[in-house]
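Visitor: Whole structure, please, built from the sequences with the hints as guidance.
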Amino acid sequence: MKLFLKFDIQQLCDKVLNDQFSNLKIRFSVISYGEIEILDKVSKSQLLEIKAVLSDYGITIVEDQKSILIQKIKDAITEMVNDEDETIAVKSSVYLAEKLNHSYGYLSNLFSEVTYTSIENYIILQKIERAKHLITTTDMTLTEIAFKLNYSSVAHLSTQFKNTTGITPSAFQRIITKRRELTQ
Amino acid sequence: MQNNSIKILLADDDEDDRLFFTEAFEELKIKSSVSTFKNGVLLMEYLNQANCVLPDLLFLDLNMPKKSGIECLKEIKQEQRFKDMVIAIYSTSASEEDIEKTFVLGANIYIKKPNDFGKLKKALSEVVTTNWQYQTNSLNKENFLLRL
Chain E
-1 MKLFLKFDIQ
9 QLCDKVLNDQ
19 FSNLKIRFSV
29 ISYGEIEILD
39 KVSKSQLLEI
49 KAVLSDYGIT
59 IVEDQKSILI
69 QKIKDAITEM
79 VNDEDETIAV
89 KSSVYLAEKL
99 NHSYGYLSNL
109 FSEVTYTSIE
119 NYIILQKIER
129 AKHLITTTDM
139 TLTEIAFKLN
149 YSSVAHLSTQ
159 FKNTTGITPS
169 AFQRIITKRR
179 ELTQ
Chain L
6 MQNNSIKILL
16 ADDDEDDRLF
26 FTEAFEELKI
36 KSSVSTFKNG
46 VLLMEYLNQA
56 NCVLPDLLFL
66 DLNMPKKSGI
76 ECLKEIKQEQ
86 RFKDMVIAIY
96 STSASEEDIE
106 KTFVLGANIY
116 IKKPNDFGKL
126 KKALSEVVTT
136 NWQYQTNSLN
146 KENFLLRL
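Protein chains in written order, with our numbering: chain E, -1 to 182; chain L, 6 to 153.
I should point out that these hints are in silico values taken from the structure, not numbers from a laboratory.
One or more of the hints may lead you astray.
Said to hold, decoys possible - Reference listing, derived: stretches of chain E covered by chain L, where coverage requires no fewer than 3 residues with Cβ under 8 Å from a Cβ of chain L:
(1) 39 to 48
(2) 109 to 119
(3) 127 to 141
(4) 171 to 181
Claimed, not checked - With a straight-line Cα cutoff of 25 Å, these simulated BS3-like cross-link-like pairs (lysine-lysine) come out:
(5) E/176 to L/117
(6) E/72 to E/160
(7) L/82 to E/4
(8) E/72 to L/146
(9) E/176 to L/82
(10) L/43 to L/118
(11) L/79 to E/0
(12) L/126 to E/160
(13) L/106 to E/176
All residues carry an ideal CB built from backbone N, CA and C; glycine is no exception.
Guide: As structure tokens, then:
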């Protein structure tokens, strides 16, 4: 039997962090998504221990400043893409610059240099990934998905989907459905 | 992770295609190491060694003597050990049937072999950077489909 699961990544991470830190008897508080503050004094060896237990869950401590900023850009983009209530009313460039306190030009250059893609393309990729997720895990129509992801029309979503993946949303859905039938 | 080069394998019976492929990767921005096999049998022999280093990306030609790309794809998809490998079909065929069939069987990428070197470089660059995004942002590989 095969089951298809949906995850709440945030909840998953919170649970892992809470369990692991209480095992280590270290107090911490969550500052924002992907950023925590250690409230107790930790020794070098304790820090290594934290690193080791977290790495079992695929969680790594980001160290250099550039990587931290890149991660913040990515997190802000994730937040934007998942912004269902449309609380973010400004353009993505303005939003990122204001949120991260750097000029968009700086952020954009740094991002391209490190990730082999541009911020614009990364946003598109994330939106299309979200669309794929919705196509395969919900009964939503493409029109509903386009609306949810803030596309001006279904045609716009379809075109961007095709440009990014080389296939149409309906071909994508057909392929994934057939693949699941094959492996079941 | 950023300092490691990505490991790439290609199985293709055409010698020129193997050569162009290797050269194209040498000119890309992302560091890579490329190994090639001239047929599917040799590729599978390599992969089936218990201690071999598995590639991040595997390119399969469809029409090869002895063992076709489709046969390799089917064998690979049956092995748990290979589940993290991203598989690209690299073929002269652009038939919708081949494309859909290989995607359904579990391929992630389908590239119709471009007819000039510049286009080849562009296509491979797109494959590698897209794959990079999946690797570094823990995106769902089940949903990784790319056609070029």
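Visitor: Now tell me, hint by hint, if it's right for this structure.
Guide: Hints and how they fare:
Residues of the region 39 to 48 of chain E lying with their CB closer than 8 Å to a CB of chain L number 0, which falls below the three-residue condition for coverage. As drawn, the region 109 to 119 of chain E meets chain L at 4 residues by the rule of a beta-carbon pair under 8 Å; at three or more, the given contact holds. Only residues whose C-beta sits within less than 8 Å of a C-beta in chain L count toward coverage, and the region 127 to 141 of chain E has 4 of them, enough to reach three; the restraint holds. Counting residues of the region 171 to 181 of chain E whose CB lies closer than 8 Å to any CB of chain L gives 6, so the stated coverage by that chain holds, three being the minimum.
For a cut-off of 25 Å, the pair hint linking residue 176 of chain E to residue 117 of chain L stands: about 22 Å separates their Cα positions. Proposed proximity of residue 72 of chain E and residue 160 of chain E is supported: the alpha carbons are some 23 Å apart, at most 25 Å. For the suggested pair residue 82 of chain L and residue 4 of chain E, the alpha carbons sit about 23 Å apart, so the restraint of at most 25 Å is met. Annotation: proposed proximity of residue 72 of chain E to residue 146 of chain L holds, straight-line Cα distance about 19 Å (limit 25 Å).
Distance hint between residue 176 of chain E and residue 82 of chain L is fulfilled; the C-alpha atoms sit about 15 Å from each other, no more than 25 Å. For the proposed pair residue 43 of chain L and residue 118 of chain L, the alpha carbon gap of about 16 Å is at most 25 Å, so the pair holds. For the hint pairing residue 79 of chain L with residue 0 of chain E, the CA-to-CA distance comes to about 19 Å; that is within 25 Å, so the pair holds. Restraint check for residue 126 of chain L and residue 160 of chain E: satisfied, since their Cα atoms lie roughly 21 Å apart, inside the 25 Å limit.
Using a Cα cut-off of 25 Å, the hinted pair residue 106 of chain L and residue 176 of chain E holds, with the two alpha carbons roughly 10 Å apart.
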